[in-house]
Amino acid sequence: MRSLAARRAVTAWAFLAPMLAVLALIAGWPLLRTILLGFTDAGLGDFGDAQFIGLGNYRDLAADPNWWRAVLNTLGFTLISVTIETLLGLVIALTLDAHLPGRGLVRAAVLIPWAIPTVVSARMWGWMLNDLYGVVNAVLLGLGLIAKPWAWLADPVLSMISVIAVDVWKGTPFMALLSLAALQVLPREIYEAARVDGVHPVRVFFEVTLPLIRPALLVAVVFRSLDAMRVFDVIYVLTGDNPSTASMSVYARQQLIDFQQGGMGSAAATFLFLMVALFAALVVTLGRIRVAGARA
Amino acid sequence: MRRIWKLFGRVAFLLLVAAIVLYAVFPFYWAVVSSLKTGSGLFTADLLPKNPTFENYVALFREQPFARNILNSAIVAAVTTALSLGLSVSAAYALGRLRFLGRGGIAFVILSVSMFPQIAVLTGMFELIQVAGLYDSLWGLILADLILTLPFSTWVLTAFMRELPMELEEAAILDGAPAWRIVTDVFLPVMAPALVATGLLAFILAWNEFLFALTFTLSEEQRTVPVAIALISGAGGYEIPWGRIMAASVIVTAPLILLVLALQRRIVSGLTAGAVKG
Numbered sequence: 196m197r198s199l200a201a202r203r204a205v206t207a208w209a210f211l212a213p214m215l216a217v218l219a220l221i222a223g224w225p226l227l228r229t230i231l232l233g234f235t236d237a238g239l240g241d242f243g244d245a246q247f248i249g250l251g252n253y254r255d256l257a258a259d260p261n262w263w264r265a266v267l268n269t270l271g272f273t274l275i276s277v278t279i280e281t282l283l284g285l286v287i288a289l290t291l292d293a294h295l296p297g298r299g300l301v302r303a304a305v306l307i308p309w310a311i312p313t314v315v316s317a318r319m320w321g322w323m324l325n326d327l328y329g330v331v332n333a334v335l336l337g338l339g340l341i342a343k344p345w346a347w348l349a350d351p352v353l354s355m356i357s358v359i360a361v362d363v364w365k366g367t368p369f370m371a372l373l374s375l376a377a378l379q380v381l382p383r384e385i386y387e388a389a390r391v392d393g394v395h396p397v398r399v400f401f402e403v404t405l406p407l408i409r410p411a412l413l414v415a416v417v418f419r420s421l422d423a424m425r426v427f428d429v430i431y432v433l434t435g436d437n438p439s440t441a442s443m444s445v446y447a448r449q450q451l452i453d454f455q456q457g458g459m460g461s462a463a464a465t466f467l468f469l470m471v472a473l474f475a476a477l478v479v480t481l482g483r484i485r486v487a488g489a490r491a
Numbered sequence: 087m088r089r090i091w092k093l094f095g096r097v098a099f100l101l102l103v104a105a106i107v108l109y110a111v112f113p114f115y116w117a118v119v120s121s122l123k124t125g126s127g128l129f130t131a132d133l134l135p136k137n138p139t140f141e142n143y144v145a146l147f148r149e150q151p152f153a154r155n156i157l158n159s160a161i162v163a164a165v166t167t168a169l170s171l172g173l174s175v176s177a178a179y180a181l182g183r184l185r186f187l188g189r190g191g192i193a194f195v196i197l198s199v200s201m202f203p204q205i206a207v208l209t210g211m212f213e214l215i216q217v218a219g220l221y222d223s224l225w226g227l228i229l230a231d232l233i234l235t236l237p238f239s240t241w242v243l244t245a246f247m248r249e250l251p252m253e254l255e256e257a258a259i260l261d262g263a264p265a266w267r268i269v270t271d272v273f274l275p276v277m278a279p280a281l282v283a284t285g286l287l288a289f290i291l292a293w294n295e296f297l298f299a300l301t302f303t304l305s306e307e308q309r310t311v312p313v314a315i316a317l318i319s320g321a322g323g324y325e326i327p328w329g330r331i332m333a334a335s336v337i338v339t340a341p342l343i344l345l346v347l348a349l350q351r352r353i354v355s356g357l358t359a360g361a362v363k364g
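Those protein sequence lines, which keep their order, are chains A and B. Straight run, no breaks: the first sequence in the working numbering ends on number 491. Straight run, no breaks: the second sequence in the working numbering ends on number 364.
Calculated directly from the structure, the hints in this document are not laboratory data. The beta carbon of each residue, even a glycine, is placed where N, CA and C say it ideally should be. Hints may contain errors.
As the list claims (entries may be wrong) - If you want a taste of the chain A side facing chain B, the calculated C-beta under 7 Å gives, among others:
{"no.": "1", "residue": "201"}
{"no.": "2", "residue": "204"}
{"no.": "3", "residue": "287"}
{"no.": "4", "residue": "322"}
To be verified - Footprint (simulated), chain B over chain A, 3 or more residues, beta carbon under 8 Å:
{"no.": "5", "stretch": "258 to 264"}
{"no.": "6", "stretch": "272 to 281"}
{"no.": "7", "stretch": "392 to 404"}
{"no.": "8", "stretch": "444 to 451"}
Stated by the list, open to error - To be clear about the criterion: a stretch of chain B counts as covered by chain A if any three or more of its residues have a C-beta under 8 Å from a C-beta of chain A, and this derived list gives those stretches:
{"no.": "9", "stretch": "134 to 148"}
{"no.": "10", "stretch": "239 to 247"}
{"no.": "11", "stretch": "287 to 298"}
{"no.": "12", "stretch": "339 to 350"}
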């Protein structure tokens, strides 16, 4: 019996080995090197003779207002865009869950933003939000909602709003799909019973539907949040390295490539890594507590 | 009165649906329309181009190696997907069908890798690619992109394998077939739909990847499509050729949209297997 279990373990590790080896090479090792280089004065390309300088890079980061701006931008971007995406995704999911002529077509339409590469969606919106020739300004001017064209991508506040809006457009389908999947496994009898009892649909939603889909919704929110914290593409393509919208990823890459400050860039990247890891650990711990509480 | 309210609700609901569809589709529509306009026509907000022309599309392929960029993206995404599927089918068999000490730990590591930010490996990956002599080459991108597709496909295929009934491989085990025969003869045939869905999503992940492709390539000839599109700018950087950018956007997006429309059910099931079961 033991030999069978042992044989099975050997087989299992043999089947895992290639994948684990590749993962160690392309994820484990580079991550380790990035963390180590964060404690050195590395430039770009001379990583071998980088000198250990302790926490020097972290001191420089702490003293750089642009870095703190990037941290705030990242947190604000994550909080606002994920909140909007969740709410909007839920509305869309409820709509798609209802009886509707041509539901397949509507669902396909909703999937389109998800299928479009982030870079492409950023460029499409960059054109639509162009201050001189953009269709957004043209429509708003035509409706008399604004008196003169707005600089959607240049103004510090407006550009952050634009970045979030584009991310919402691109990210909402994912939330909608996951919410829809959660909605569609709910037993139809619940709604039937509520309808017979004459319970108002809004109350049904808040007291029956929402609690039932909450676990799935939370998982989706966590995934999206982790994704949003490492945001790079949409911000880099829409507004470049501009400090008023730069995220932590944008800042780290700018240090590494444009300023050739490998050590500084690595320190910034490591900080982001720790932040994401901390968030994930927090979610796992809190999630477990909640599960335990529900069981008690 | 009740009926009027009901009708009102129905109309409001349909308006909501229309608004959702418009919101989702309009930017792509606008890209198509803009890509067919040139000169001063581009700067008017006409919903239909007055004199539609394919000039932007011609210019795109004439003035830059865009065909080469498409080929690059296709090669990188296809090879990355094939490698990921091969490695992850084998790993998913171990994780999904065999009980052994350390399985939970491995699953945790894989999930963690799929969570952590790409930027966290950027410096180390830059060094690795440089040392391996793969800077500014497609192989460097394939290597880097595996970090996105490999954990993802392993995770989804493991979830899929775990769902299959125990009886499936029992006969083969009793016959004393070696484990690799069980994978190729028993599992691969039933996994075809899962492989298609996972492969498609992995392909899209690699096709869309931007940060690595931007950082690890230098020459226009080695760029993938997202980088090429992000870096299109006019001569001297003054006038941005929006018509050409939109033409490029349409070319890249159209096949993806067709793919999504054709396979939407499978995509939805792949996505939800990857996320909800986490």
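Going through the hints against the structure:
1. 201: 9 Å, violated
2. 204: Holds, about 4 Å.
3. 287: 6 Å, holds
4. 322: With Cβ-Cβ at 5 Å, under 7 Å, it holds.
5. 258 to 264: Contact hint for the stretch 258 to 264 of chain A vs chain B: violated, 0 residues under 8 Å.
6. 272 to 281: With 0 residues in contact (Cβ-Cβ under 8 Å with chain B), the coverage given for the stretch 272 to 281 of chain A is violated.
7. 392 to 404: violated (count 0)
8. 444 to 451: holds (count 4)
9. 134 to 148: violated (count 0)
10. 239 to 247: violated (count 1)
11. 287 to 298: This one holds; 5 residues, not fewer than the three required, reach chain A with a Cβ under 8 Å.
12. 339 to 350: With 7 residues closer than 8 Å to chain A, the stretch 339 to 350 of chain B meets the three-residue bar; holds.
Hint compliance for this structure: hints 1, 5, 6, 7, 9 and 10 are broken, all remaining hints hold.
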